[in-house]
Amino acid sequence: MVLIDGEDDDQGQKIMVHVRMLREPCMAALLDMAAQQFGLSQRGVLRIPCNVMRFEKMMNGLMFEAAR
1 MVLIDGEDDD
11 QGQKIMVHVR
21 MLREPCMAAL
31 LDMAAQQFGL
41 SQRGVLRIPC
51 NVMRFEKMMN
61 GLMFEAAR
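If you're matching positions, the sequence shown starts at 1 in this note's numbering and goes up one per residue.
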């Protein structure tokens, strides 16, 4: 499970993400950003600093590509 931290006026939202999606280059970049912002000692839910709508669009695109 990933907690999308939200930006600006967005509220955080928990989103289930399949573990294989964490191997995608764009997810790796988000995880690097999360490590810089929140540190490497996060426990439990991963917090990702990203706009919720932007994250959902990215995940939809990844799932579309995986279905091809």
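These aren't lab readings, by the way, just hints derived from the structure by calculation.
Backbone N, C-alpha and C fix where the C-beta goes; we use that ideal spot for every residue, glycine too.
Some clues are possibly wrong.
[To be verified] Using C-beta positions, here's what the derived DEER-type ranges look like: (1) R68 <-> G12: 25 to 33 angstroms; (2) R47 <-> R68: 15 to 23 angstroms; (3) S41 <-> M21: 28 to 36 angstroms; (4) F38 <-> A67: 28 to 36 angstroms; (5) G44 <-> R68: 31 to 39 angstroms; (6) D32 <-> E56: 27 to 35 angstroms; (7) Q36 <-> R68: 30 to 38 angstroms; (8) M63 <-> L3: 15 to 23 angstroms; (9) L31 <-> N60: 13 to 21 angstroms; (10) A67 <-> R43: 13 to 21 angstroms; (11) K57 <-> R23: 13 to 21 angstroms; (12) R20 <-> V45: 28 to 36 angstroms; (13) G39 <-> F64: 30 to 38 angstroms; (14) R68 <-> F38: 16 to 24 angstroms.
Status of the hints after comparison with the structure:
1. R68 <-> G12: 25 to 33 angstroms: For G12 against R68, whose Cβ atoms are near 31 angstroms apart, the range 25 to 33 angstroms holds.
2. R47 <-> R68: 15 to 23 angstroms: violated, 30 angstroms
3. S41 <-> M21: 28 to 36 angstroms: Cβ of S41 to Cβ of M21: about 23 angstroms, so the range 28 to 36 angstroms is violated.
4. F38 <-> A67: 28 to 36 angstroms: holds, 31 angstroms
5. G44 <-> R68: 31 to 39 angstroms: holds, 33 angstroms
6. D32 <-> E56: 27 to 35 angstroms: violated, 20 angstroms
7. Q36 <-> R68: 30 to 38 angstroms: holds, 32 angstroms
8. M63 <-> L3: 15 to 23 angstroms: 19 angstroms Cβ-Cβ, so the 15 to 23 angstroms window holds.
9. L31 <-> N60: 13 to 21 angstroms: With Cβ atoms ~19 angstroms apart, the hint holds.
10. A67 <-> R43: 13 to 21 angstroms: 33 angstroms Cβ-Cβ, so the 13 to 21 angstroms window is violated.
11. K57 <-> R23: 13 to 21 angstroms: About 19 angstroms separates the Cβ atoms of K57 and R23, which means 13 to 21 angstroms holds.
12. R20 <-> V45: 28 to 36 angstroms: violated, 18 angstroms
13. G39 <-> F64: 30 to 38 angstroms: holds, 33 angstroms
14. R68 <-> F38: 16 to 24 angstroms: Check failed, 33 angstroms falls outside 16 to 24 angstroms.
Checked against the numbered hints given earlier, this structure breaks hints 2, 3, 6, 10, 12 and 14; the rest are met.
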